[in-house]
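Peer 1: Residue numbers (this note's numbering), protein chains in the order written: chain A, 1 to 653; chain B, 1 to 89; chain C, 1 to 355.
Mixed in with the good hints there might be a few duds.
Pairs of lysine to any residue residues, derived as SDA-like cross-links and limited to a Cα-Cα distance of at most 25 Å, are as follows [as the list claims (entries may be wrong)]:
(1) C:148 to A:205
(2) A:635 to B:40
(3) A:40 to C:349
(4) B:60 to A:619
(5) B:60 to C:291
(6) A:635 to B:73
(7) A:40 to C:339
(8) A:242 to C:52
(9) C:23 to A:336
(10) C:77 to B:58
(11) A:40 to C:146
(12) A:40 to C:313
(13) C:340 to A:54
(14) C:23 to B:58
(15) A:640 to C:31
(16) C:139 to A:114
(17) B:60 to A:380
(18) C:139 to A:131
(19) B:26 to A:570
(20) A:257 to C:340
(21) A:40 to C:279
(22) C:81 to B:58
(23) B:60 to C:335
(24) C:121 to A:114
(25) C:51 to B:58
(26) C:81 to B:57
(27) A:40 to C:281
(28) A:40 to C:353
(29) C:77 to A:114
(30) C:51 to A:645
(31) C:51 to A:81
(32) A:40 to C:334
(33) B:60 to C:313
(34) A:16 to C:31
(35) A:257 to C:30
(36) C:81 to C:122
With beta-carbon atoms standing in for the labels, derived distance ranges [stated by the list, open to error]:
(37) B:60 to C:7: 39 to 49 Å
(38) C:291 to B:60: 31 to 41 Å
(39) A:546 to C:131: 47 to 57 Å
(40) B:46 to A:642: 30 to 40 Å
Note that these hints are calculated values from the structure, not bench results.
Think of the CB as a built atom: it goes at the ideal place given N, C-alpha and C, for glycine as much as any other residue.
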Amino acid sequence: MFRPEPMTHLLVVASKERMETVIRELYSHRVFHIRDYVEKEGEKVEGVTIGPPLGSASEVSSKLTRVRSMETTFGIHPDEMTPATRQRVLDLRDTIDRDLAAVGNETDTLLSRRAELEGTIRDLEQQVRELAPFAGAPIEFGHYRGYETLAVYTGRIGRDVEISVPHEKVFTPSPQGNFIALFVPVEHKAAVDAILQEARFMPIPVPRGSGLPEALLAENQGRLAELKEEIARIDQRIAALKEQQAQFLATCDEYLKSDLEQEEAPLRFATTDQAFLVEGWVPTREVERVKAGLSLATEGKALVTEVPGDPHHPVPAPVEYDNPSFARPTQLLMDTYARPRYDELDPTILVSLIFPIFFGIILGDVGYGLILLAASLGLRRFLPEGDGRLLLKVMRNGAIASIFFGLLFSEFFGFKLPWEPLLYARHLSMGGHEAEGGPMVRELLVLSIWIGILHITLGRILAAVNHGRHHGIRGVIPQLGWIASMWGLLLVIWSIVAIPVMPDLTGVPPLVAGLSLPALVGGLMLILGILAIASESALELTEFPTIISHTMSYARLVAIGLSSVAIAVVVNFVSIGMLIKPNIEDFSLVGILFILMGIVVFIAGHLLNTALGLVGGALQSLRLQYVEFFTKFYKGGGEKFNPFGMIRKFTED
Amino acid sequence: MVDAVVTQAAIEMSVEAVQASQIGMKALAAAIAIAGTGFASAWAELSIGSAAVGAVAENKDLFGSVLVLTIIPETIVIFGLVVGLLLIL
Amino acid sequence: MSAIVGSAPYIYVCTRFRVRRMKLIPQEEYLRMLQMSLPEIIRLIQETEYKREIDELSHSFHGIDLIEVALSWNLAKTYQKVLAIMPEGLREMTESYLRRWDIQNVLSILRGKAQGLPPGKIKEVLIPAGELNRDYLDKIITCAEPEKVLESLKRWRLFPVLARELPRAAESGSFSSLENELYKQFYHDILEETGAGIKGGKEFLEFLRLEIDIRNLQTLFRLRVNGAKGEVVTFFIPGGTFTVEELVRLHEVSSPDAFFDSLTAQLKSRELVSLLGRFRQKNGLAPGTLHEIESALTLMQYSRLEMMARFHPFSIWPILAYIERKKQEITNLRAITRGKQAGLPMEQIRNYLVM
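Full structure from sequences and hints, please.
Peer 2: Here is the structure:
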C-alpha cells in the first residue's frame with residue numbers, strides 16, 4: 001500500500017558457456033526484469049559489447065516471420081483467442097517444422113495462384129472493354145485488317161452519317177455511344193475524314209485476335225466467370241485453412257516467440273570474450289528463489305550479486321503495483337497518467353476511493369446509478385480478461401457511489417424520492433411549479449469548495465512526505481508553506497465575510513488595529529507560508545494563484561451535476577408533463593400516439609443523459625485527480641515491471 | 001385624491017417593472033457569462049482537439065491521456081456556469 | 001471562422017508527425033541489429049512499422065530481396081500517406097520536395113540497365129514517391145533499348161536535361177555528371193517555385209539553402225579527398241549560401257590548413273565551424289574519414305531541422321524533419337542488411353550508419 005513492490009538490484013556474472021543455462025533458468029522464473037545493456041558513446045568500455053544471439057535465433061526468426069505473415073493473411077489474432085487445450089512443447093518441437101512447412105507451402109501456393117488469377121482477370125477485363133464497342137457489328141476481326149486499297153474506320157460517332165462515295169458501312173446505335181465501322185477506297189479518305197469529323201467521330205483501334213466479336217466476347221466472359229469462380233474457391237480454401245490452422249499458428253507463434261526471446265536475450269547482456277554480465281531487478285521476496293535456482297542450474301558457477309542502492313545516484317527500479325484487490329482496477333487510471341516512480345508514493349489506493357466518490361457526487365441519481373451498475377455487470381461477459389474488464393470494475397464502483405449519493409440527494413431520474421434530501425437539494429423546478437424552493441446552489445458550491453480544500457491539502461501532505469524522503473526537512477518546508485498559505489487565506493476570508501457552510505468568524509471581536517485573532521493568525525500563516533514557498537525557489541510563487549483557481553475548479557462537482565439534473569428534469573417535463581399526462585387526463589385515440597411518443601422521449605432522453613453523465617462524470621472526476629491532485633505531489637514516469645519470461649496460453653512444458 | 005391613487009398605482013407599476021427588468025438583466029448576465037466562457041473553452045479545445053486526434057491517429061495507446069487533455073479547458077466554461085447559476089438562483 | 005479554425009489542420013498534421021517520429025528506430029536498436037542475422041532483422045522490423053510490407057511480401061520474397069522490396073514499398077507508402085494528410089499549401093511544397101525521388105528512380109533504372117540487371121532486381125530499389133508513379137516506372141523498366149527509355153520519359157519535367165546529358169553519359173559509362181545536372185535543375189526549379197511567395201515559403205527556402213550547402217560541402221570534401229583536378233565548377237549546385245565561385249575558389253586552395261581557414265572564415269553556422277574544427281584536429285582529409293565527414297554533415301542537417309521543428313512546431317519543419325529521418329532510417333536499414341549480406345564486419349557496417 002502506497003509503495004510499489006520492493007525490488008532488489010541483481011547482477012549475474014558467469015562464463016559464456018553457462019549463458020544458455022542462465023537464460024533458460026531466468027526465463028522459467030519470470031521474475032527478472034532485465035536492464036538492457038546499451039553501448040553509449042563516451043561510456044563505452046573497451047572489450048565489452050552486447051552479446052550475439054544464440055545459435056538458432058536465425059532459424060527461429062525465419063519461422064516466426066512466416067507464422068506472423070500467415071496470421072495476417074488469415075486474419076488470426078492470438079491475443080483475442082482463448083484456447084480450449086494446451087499443447088505440450090515437447091510434442092510441438094518434433095512436429096513444428098513439418099507442419100509449418102505444409103501449411104506455409106499451401107498458403108504460398110494459394111496466394112500466388114490467386115495473384116496470378118487476379119492478373120489474368122485484369123488483362124481479360126481490359127480486353128473485354130476493348131472488344132465491347134465492336135460487339136454490335138457482325139464482322140470478323142480478321143476482316144478489318146490487311147487492305148491496301150481500302151481505308152478502315154472504326155470508332156464511336158455522334159450520329160449516323162451519309163457517305164457520298166462508294167463504301168461499306170455498319171452502324172450500330174447504342175446508349176453508350178454509337179459504333180461505326182466504315183470501309184472506303186483510299187482515294188476518298190480525305191472526303192470521308194471531313195464527314196466523320198463533322199459527326200464527332202472518335203476512332204477506336206481494332207483489337208487483336210480473329211473471329212466474330214460476339215463470339216470472342218462471350219468466350220472472354222465465360223473465361224472470366226471461370227477465373228472468378230476459381231478465386232472464390234481459393235478464398236474458400238483460405239477460410240477453411242484459417243478454421244483448421246488458427247489454433248496451430250497461434251500455438252507456433254507463442255512457442256517460437258518464447259524460444260526467440262531466450263535466443264536473443266544476449267542482445268541485452270554485456271559480454272566479453274570469456275564472460276557475460278546481466279543486470280536487472282527482481283522482486284525482493286523472489287530473490288532467494290532466483291538465487292537458489294541459478295545456483296542449482298549452473299552448479300554454483302554463476303556469480304549472483306545484490307547491488308546496494310546508491311542514495312546519490314539511484315538506479316531507477318521498475319515498478320510493479322502492490323495494492324489491495326479493490327484498488328487494482330484503478331491501476332488502469334494510474335497508467336493512463338503515468339506509472340508511479342519507484343521512489344515515490346503510489347496514490348492508487350486514494351484514487352480508487354476518491355474517484356468513485358467524485359463520480360457519485362456528479363452523477364448522484366439512483367436511476368442512472370442502477371443503469372450503469374447493470375451495464376457494468378452485464379457487459380463483463382462480453383469482454384475478454386484485461387483492460388476492458390478493469391474499466392468495467394471502475395465503472396461499477398462509480399455506479400455504486402452514484403446510487404449512494406442519489407439516495408442522499410433523493411434523486412431518481414430527476415424525480416424526488418419519497419424523502420427530503422439528506423444533503424443539500426439539487427432539484428430544479430420547471431414549468432411553473434414553484435416547488436420546494438429550488439436547488440441550494442450556494443450551499444452545494446461551498447460544499448464542493450470544501451472538498452477541493454481537503455483534497456488539495458491531502459495532495460500537499462503527500463508532497464511533503466515525498467520531498468521529505470528525498471531532501472529531508474528542506475524539502476518539507478515549502479510544502480508546509482503551501483498548506484499554511486491556503487488555510488491562512490481561508491482564515492482571513494472567514495473573518496471578513498460570512499459564507500454558508502463555512503465557519504463565520506466575522507463576529508470575533510477585534511484585537512489589534514481592528515483585526516481579530518483569526519485574521520491575525522491567518523495573515524501570519526499566509527506570510528510565513530509565502531516565505532516557506534519562496535525558500536525553495538521564488539519562481540514557485542508564480543504558482544500562487546493556483547491556490548484559488550484549483551480550489552474553484554472543484555465547483556465542477558456541482559456544476560456538471562446540476563446540468564445533468566437539468567437535462568433529466570427537461571426530459572421528464574417534455575415526456576410526462578407535456579406528452580403523457582395531458583393525454584391520459586384527456587384520453588383520445590390520437591392521444592395514444594402522443595403517449596407513445598412521450599415514452600420514447602422519456603427512454604431516449606434518459607439513456608442519452610446516462611451516457612452524458614457517465615462520460616462527463618468520469619472525465620471530470622479523473623481530471624480533478626490528474627490536474628488538481630497529482631500536480632501537487634505526483635511525478636510518475638516509472639518503468640513498468642516487465643519480467644523476462646512469458647505467460648503462456650497455448651503451450652505447456 | 002384620484003390623482004394620488006393613480007400615482008400610487010404608477011409607482012407600484014414602475015417598481016414591478018424595475019424588478020422584472022432586474023430579473024431580466026440577471027438572466028442576460030448569466031447568459032453572457034455562459035456564452036462567453038463557452039466560446040473561450042471551444043476555442044481552446046480547437047487546438048487541443050486537433051492535436052489530440054492527430055496523436056491518436058498515430059498511436060491508439062494515447063487515447064486515455066489525450067481524452068483527459070481535451071477536457072482541461074472545460075474549466076473555463078464551468079466557471080461561467082457557476083457564475084451563471086449564482087446569478088439566477 | 002476560417003481564421004479561427006485555420007490553424008487546426010496544421011496542428012493535426014504536425015502532431016501526427018511528432019508522434020510518428022517517436023516510432024522511428026532508435027539508435028540502440030541499430031546496434032542490436034548489427035549483432036543479428038538477416039532473418040532476425042526481418043523478424044525485428046516485422047514488429048515495427050514495416051509489418052504490413054513484410055507480411056504481404058514474405059509469401060513471395062525471401063532474405064535480402066524481401067527486405068529491399070519491403071523497405072522501398074514502405075518508404076513510398078509513407079511518403080504517399082504524408083502527402084495525403086497534408087493541408088493545402090504544405091502539400092504543394094512537400095510534393096515538389098519529393099520530386100527528387102524521380103531523379104533517383106530514373107538513375108537507378110539507367111544504371112541498372114547499363115549493368116544489365118534483370119527488371120525485377122531494378123524494381124526492388126525504386127521508391128515511387130515522386131511524380132513518376134509505380135506503373136509509369138514499371139513501364140520504363142520493361143523498355144529494352146536506351147532510346148525507348150528516353151522516349152518513354154518524354155513527359156517528365158526534367159526530360160530536357162536528360163535528353164541533353166544522356167548521350168554523353170552513355171558514351172562515358174558514368175552517370176554522375178548526369179546526376180549532377182539533374183539535381184542542379186531540380187534545385188533550380190524548386191527554388192524558383194518556392195520563391196514565388198508561397199505561404200510558409202520563407203522557411204522552406206531556408207531549408208533548401210541549407211540542404212544545398214550541405215550537398216556542396218559534401219562534394220567539396222569528396223573532391224578534395226579524391227584529389228580531383230581540373231574542371232570542377234559543374235559539380236556544385238547554385239542557390240545555396242555559398243556561391244559556386246566561392247566553392248571553386250575553396251577547392252583550389254592547396255594546403256589543408258589554408259583550406260580549413262578560408263572555409264571556416266566563410267561559415268556563419270557555429271555548429272559547422274566546430275564540426276570542421278574537430279575534423280581538422282583529426283587531420284580529417286584522409287580518404288578514410290570522408291564518410292565520417294559526410295555523416296556528420298547529414299547529422300548536422302537533422303539537428304538543425306529538429307531545432308527548427310521545435311521553434312516552429314506547427315509549420316513545415318516537423319514534416320520535413322520526419323521525411324528526412326524516415327529516409328535515413330531506410331538508408332540505415334539498407335546499409336545494415338546489405339552489409340550483412342556481403343558479410344562485412346560489424347565495425348565497418350557501423351561506419352555507414354548515420355544515427
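Peer 1: All hints are to be evaluated individually against the structure, with a verdict given for each.
Peer 2: Status of the hints after comparison with the structure:
1. C:148 to A:205: holds, 23 Å
2. A:635 to B:40: violated, 30 Å
3. A:40 to C:349: holds, 17 Å
4. B:60 to A:619: Judged against 25 Å, a Cα distance of about 18 Å means the pair holds.
5. B:60 to C:291: violated, 40 Å
6. A:635 to B:73: Judged against 25 Å, a Cα distance of about 22 Å means the pair holds.
7. A:40 to C:339: holds, 22 Å
8. A:242 to C:52: It holds: about 19 Å lies between the C-alpha atoms, which stays within 25 Å.
9. C:23 to A:336: holds, 19 Å
10. C:77 to B:58: holds, 15 Å
11. A:40 to C:146: violated, 50 Å
12. A:40 to C:313: violated, 29 Å
13. C:340 to A:54: holds, 17 Å
14. C:23 to B:58: Since the Cα atoms of residue 23 of chain C and residue 58 of chain B sit roughly 9 Å apart, the hinted pair holds (cutoff 25 Å).
15. A:640 to C:31: holds, 24 Å
16. C:139 to A:114: holds, 23 Å
17. B:60 to A:380: holds, 23 Å
18. C:139 to A:131: Holds, because 24 Å separates the two Cα atoms, which is no more than 25 Å.
19. B:26 to A:570: The given pair, whose Cα atoms are some 22 Å apart, holds under the 25 Å limit.
20. A:257 to C:340: Holds, at roughly 23 Å.
21. A:40 to C:279: Cα-Cα ~21 Å, so holds.
22. C:81 to B:58: Holds, at roughly 12 Å.
23. B:60 to C:335: Violated - the C-alpha atoms of residue 335 of chain C and residue 60 of chain B are around 32 Å apart, more than 25 Å.
24. C:121 to A:114: Distance ~23 Å between residue 121 of chain C and residue 114 of chain A Cα, so the pair holds.
25. C:51 to B:58: Between residue 51 of chain C and residue 58 of chain B the Cα gap is close to 15 Å, so the pair holds against 25 Å.
26. C:81 to B:57: Within the cut-off at roughly 13 Å; holds.
27. A:40 to C:281: holds, 23 Å
28. A:40 to C:353: holds, 15 Å
29. C:77 to A:114: It holds: about 23 Å lies between the C-alpha atoms, which stays within 25 Å.
30. C:51 to A:645: Within the cut-off at roughly 24 Å; holds.
31. C:51 to A:81: Measuring from Cα to Cα gives roughly 21 Å; hence the hint holds.
32. A:40 to C:334: Roughly 23 Å separates the two Cα atoms, so the pair holds.
33. B:60 to C:313: Holds. Residue 60 of chain B to residue 313 of chain C sits at ~22 Å (cutoff 25 Å).
34. A:16 to C:31: At roughly 21 Å apart (the allowed maximum being 25 Å), residue 31 of chain C and residue 16 of chain A satisfy the hint.
35. A:257 to C:30: At roughly 21 Å apart (the allowed maximum being 25 Å), residue 30 of chain C and residue 257 of chain A satisfy the hint.
36. C:81 to C:122: holds, 24 Å
37. B:60 to C:7: 39 to 49 Å: About 25 Å separates the Cβ atoms of residue 60 of chain B and residue 7 of chain C, which means 39 to 49 Å is violated.
38. C:291 to B:60: 31 to 41 Å: holds, 40 Å
39. A:546 to C:131: 47 to 57 Å: holds, 54 Å
40. B:46 to A:642: 30 to 40 Å: Given range 30 to 40 Å: holds, Cβ gap about 38 Å.
Hint compliance for this structure: hints 2, 5, 11, 12, 23, 37 are not met, and every other hint is.
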